[in-house]
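Position chain B against the provided structure of chain A, taking the given hints into account.
Those sequence lines, one after another, are chains A and B.
Going by the working numbering, the first residue of the first sequence is number 1, and it counts up by one from there.
Going by the working numbering, the first residue of the second sequence is number 1, and it counts up by one from there.
Some clues are possibly wrong.
No copy labels: a pair is met if it fits in one copy or bridges any two.
Claimed, not checked - Here are the computed lysine-lysine pairs in the DSBU-like style, where the Cα-Cα straight-line distance is at most 30 angstroms:
#: 1; residue 1: Lys-141; residue 2: Lys-173
#: 2; residue 1: Lys-574; residue 2: Lys-601
#: 3; residue 1: Lys-603; residue 2: Lys-574
#: 4; residue 1: Lys-36; residue 2: Lys-445
#: 5; residue 1: Lys-196; residue 2: Lys-141
#: 6; residue 1: Lys-249; residue 2: Lys-197
#: 7; residue 1: Lys-249; residue 2: Lys-325
#: 8; residue 1: Lys-492; residue 2: Lys-574
#: 9; residue 1: Lys-492; residue 2: Lys-603
Simulated from the structure, these hints should not be mistaken for laboratory data.
Since the model is a prediction, treat every value here as computed from it, not as a measurement.
Protein chains: 2
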Amino acid sequence: MNAIPSSQAGEAMQPKAKFRPLAVNQIEVNGFFGPKLDITATKTAKLLFDRCIEARMLELVDPLLPNPGIVIPFQHNNTVTTQMFWDSDFGKSIETAAYALNRHRDGELEARVDEVIDAYGRLQAEDGYLNSWYLRIEPGKRWTNLRDRHELYNAGHLMEGAIAYYHATGKRKFLDIMCRYADCIDATFGPEDGKKKGYPGHPELELALIKLGRVTGEQRYLDLAKFFVDARGQAPNYFDEEAYARGEKPEDFHFSTLEYCQAHKPVREQREVVGHAVRAAYLYAGMADVATEFSDASLDPALEALWAHLTERNLYVTGGFGPSKENEGLTYDYDLPNDSAYAETCAAVALVFWSSRMLGRAPDARYADVMERALYNNVLSGLSDDGTHFFYDNPLESHGHHHRWRWHRCPCCPPNAARLIASIGTYFYGLSEDEVALHLYCDNKAEMAVAGSRLTLTQKTRYPADGLIALDVAPETPTRFTLSLRVPAWAKGYSLTLNGEKLDASPEKGYIRLQRLWQAGDRLVLELDMQPQLLYAHAHVAADQGRAALLRGPFVYCIEGVDHAAPLNSYLLKDGCTISTTSIETWPDTVALSINALVEKQKDDALYGEEPPMREGANLMAIPYYLWDNRAPGEMLVWLRREA
Amino acid sequence: MNAIPSSQAGEAMQPKAKFRPLAVNQIEVNGFFGPKLDITATKTAKLLFDRCIEARMLELVDPLLPNPGIVIPFQHNNTVTTQMFWDSDFGKSIETAAYALNRHRDGELEARVDEVIDAYGRLQAEDGYLNSWYLRIEPGKRWTNLRDRHELYNAGHLMEGAIAYYHATGKRKFLDIMCRYADCIDATFGPEDGKKKGYPGHPELELALIKLGRVTGEQRYLDLAKFFVDARGQAPNYFDEEAYARGEKPEDFHFSTLEYCQAHKPVREQREVVGHAVRAAYLYAGMADVATEFSDASLDPALEALWAHLTERNLYVTGGFGPSKENEGLTYDYDLPNDSAYAETCAAVALVFWSSRMLGRAPDARYADVMERALYNNVLSGLSDDGTHFFYDNPLESHGHHHRWRWHRCPCCPPNAARLIASIGTYFYGLSEDEVALHLYCDNKAEMAVAGSRLTLTQKTRYPADGLIALDVAPETPTRFTLSLRVPAWAKGYSLTLNGEKLDASPEKGYIRLQRLWQAGDRLVLELDMQPQLLYAHAHVAADQGRAALLRGPFVYCIEGVDHAAPLNSYLLKDGCTISTTSIETWPDTVALSINALVEKQKDDALYGEEPPMREGANLMAIPYYLWDNRAPGEMLVWLRREA
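Chain A on its own, in the form it takes in the complex (with noise of 0.2 angstroms):
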């Protein structure tokens, strides 16, 4: 065999470049995905425009239509309405129609979206700027409260969508509206005299102007994404300052400390994930955004104990974080209560673009694995499986009362699990100038160019119904390259042949790194080991005591009422106990998993009685945690009773 592993390459096995994602129409989702997409495509990119629309959002931006004036009471003493956000919900649906759009041509989404496209260049000012709120409802006031209302928030959504929607269409109209946009931003705030040395309340813009350097090719989006990250949480701080300005009390802030926007100290110097969970990831994203562009390794040290905090004190087994709806995130280490979690959708979408940067800098499987736990788990479960309701809070144990929404006050969720899911082929990849990396397995066709060639990359497999992956490598000319698979940390075993011949290269940080002349008909088998398998929880979560949760592949599973007749915390399992695959009439598709347990029954009807329950035999059935609450309301439980 002549593939070298990376890590007995020398010098090689250094990464000469940093990782970037693929484009979205770079990648023929199949598989898994494939139906998902086309769900998403054909459905929820329609219905959330339906929504939008009637929440009255295009009547706020379009400036030919009445205005309809406050249609959201303000809450936190009048400072802050959900109707602040609307811009961004508009720019997540944009994104996602976007990415529909490369899926199916659709003339008539097309129209829509260009329709309120023509209306924010209507409502864009002389200067670029471009806000609903501050140009119809309160003229005069932008940039006054940067802490509590979304602004520079809604300004990232709206250039992520004219980004994508310009992949989509080749169409620059709402691309230009966003550059002016973006200029307007830039010449406004920024580390020169005389500009204003505010950020992002809400982080994103970070994230949307890399983007936007990226895809413009222009420095200056790059620079001002940078800035927003060193500027946040310097003394004097601006949010105080700001408050003074208002006529507030900094002390005064509804959330109390500014741990809830994370601008409590220079990003730097921060080392546990506090406040807002969404706000948290999508800041630690943009940290490794600049991280990556500007190989800025002084942000490292601040990302690495970050990520070791969340990962290793806060993090839900299901990928979601944030257990508090009092401040939608963090509380205290290891609270991660289940039926109380909070867990936002947003926030496990988050975590997804979060992970996703950190492999911007090298492979490393414990990004993509927490990465992958997210998307299985508390992503997918923000959306129905029909594709048309939607969960904001993701408990991990329901008692029949927690369904998923047609519409929220706050419709962040919706378009944001549906733009990650629509694009989930960008996150299948890493690529550097001389090394594609596999994160995620899905049946999918990726085209790209490394190390000068153009390749194409066309990955078999049923995955994660099963651990086989068929990958067939195939570069234009034969072309010298590294090609790293990842090895799960929840794969038991693996095997990997190249050419039918089996391959003893062993992970380095979680991936097999192959370099060698690559040419046409190359094809790597591998094989994970999907055994199901059962994790148990550190001593200090307390609701997770005397459990056990059940996973396999990337999937955490759950029971549900409907296929129990007891309810769901009678059952307990023994330590060791059989489980087993099986399938579920709703979801032929679909690995489900059948456990030997027990039973509790007490014996009689009273509230408390002086005998223990009973016990007998009985067997449950298993289904993945993304898909609960799509047939019959009722319970639901991921951390099942065991006993030793």
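Below, chain B without anything else, positioned relative to chain A:
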């Protein structure tokens, strides 16, 4: 023996009359509650005044002081501020002070109360109306929002304060003020043509009017209480009509449903405990009072069904109820989460009120058992051991972040728990024309009149430290009456002697009813089995499965972090484990419990590991629940993990 258990006494076993409590000054409380009354009298009563005045309540009441305006901002889309409830806080504080003065004469405290009473005298309108919010903040708006604004509720608490102060000091000024206000309310509301058909949004006035009728002998106050009970929930709904009159839509009610204030249907049609917990139990207490005073059996089906619904499906083992913070109340059957339990102190206080009034009809240990459980657990936990700090919500599990407050934006609980504890003696006995029922045991001496004779009852007991209760029965002259002794359901055995000879009477509805010619020198000795026991919850109580609660006598026990090295949910006990009584340094008079248990330890520090935890032997130290959070901050757990 010539004591005839009443179950063998034919006609005589039917209670001839209804049961009323004794007045506070008829009972000298010693034993377990003695020191608690001393602390309430010498510390808490004064502190309540300090904190009310610090909160600026007197400024709102006294027209001689500058009007403080709106001190606490509006909530619920500008319909409510807790400042509207300030009269109730003053009312309960005066009531507490009155009971305190009964126990310890204190000229300074009395002068402070008089100062507040004088201010209320100055505030009262010509026609008797008396409400600090409407007289000083929104004049002209009285009686426009009974649903949300606690107007009649405030009146009730001021009346109860006035009655207690009259009993304690003999001074009539406040009582006269409140009778004038009661007359004003009576002239405004009632079944007669031209009167409003409204009733309290937050029930409470019903209880006060019953007391006012009893103390003044005025039937019209009892009639008005009955009117408020009868009018509630009748169609057309008064609260909806009132909303229309304010130009509001009933469906915009912040709490969505009139179940919140139990006005969704007439009370006689109600069968399930719903909505705000304190409102609910105050209403049901008022219904029980009306049932007793008017011998109105038409209320019984509702009262019995509501009682069953609460105690068979919705009651915490600590005697608390109302799991949800959202509505401070009920959600759905068997929803009894532990760490997020709201279980407001006021709701448990209200349940003591309701239970005690269910005993107004006849002795029945179902009610007294619940009264005792609520009192010794969820009510007592409301006050810190030193009487200075207060729990609003009373979870059954804490991870170290729940502590008593110095004060609260809505300070309803501190004076509510304080007034109950300060008047606890009135809950010990129920007195009818010819029967004395002993509901609660505690060392005390009570004076009363029964069957035409003066009677002194003296309980000598260390209860609940042990179950031995000596009762000296001393009628002024030999008198025939029934003495009824409760045998709690938790007592797995008991023995009873009269003048040294064993009595074999068995309880009827949980009371041993002894009818005889009693004479001075008669001594009953009751010994209740105080064996610790484990309780197991119904299979539908998800949070308690795989767990057991530990009880001894009236106390529910908990374990606290300060006594244990490992996280509390790491411990588990086996059914049938050894539980022994022990003592604890901080509280030498308290019976603590020591339990043989196991502790689980994970093999490494991973958040989620693949190996089940190891186990070793461990010992648990449990203390009565009500004492938690009086030492070091830390974890607390009521429902301990168990295995068969």
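Evaluated hints:
1. Taking the shortest Cα distances, Lys-141 and Lys-173 sit within 30 angstroms of each other inside one copy (27 angstroms), while across copies they are farther apart (57 angstroms).
2. Within a single copy, Lys-574 and Lys-601 get their C-alpha atoms as close as 17 angstroms, and across copies as close as 17 angstroms, so both meet the 30 angstroms cut-off.
3. In this homomeric assembly, Lys-603 and Lys-574 come within 30 angstroms of each other (Cα to Cα) both inside a single copy, at 22 angstroms, and across copies, at 19 angstroms.
4. Proximity of Lys-36 to Lys-445 under the C-alpha cut-off of 30 angstroms is restricted to the intra-copy arrangement: shortest distance 16 angstroms within a copy versus 76 angstroms between copies.
5. Within a single copy, Lys-196 and Lys-141 get their C-alpha atoms as close as 15 angstroms, which meets the 30 angstroms cut-off; across copies the closest is 48 angstroms, which misses it.
6. In this assembly of identical chains, the alpha carbons of Lys-249 and Lys-197 lie at most 30 angstroms apart only when taken from the same copy (19 angstroms versus 46 angstroms across copies).
7. When the C-alpha separation of Lys-249 and Lys-325 is checked against a cutoff of 30 angstroms, the pair qualifies both within a copy, at 25 angstroms, and between copies, at 29 angstroms.
8. When the C-alpha separation of Lys-492 and Lys-574 is checked against a cutoff of 30 angstroms, the pair qualifies only within one copy, where the shortest distance is 21 angstroms, while the shortest distance between copies is 34 angstroms.
9. For the identical chains of this complex, Lys-492 and Lys-603 are inter-copy neighbours only, at 19 angstroms across copies versus 43 angstroms inside a copy, given an alpha-carbon limit of 30 angstroms.
When the structure is compared with the earlier hints, no violation turns up for any of them.
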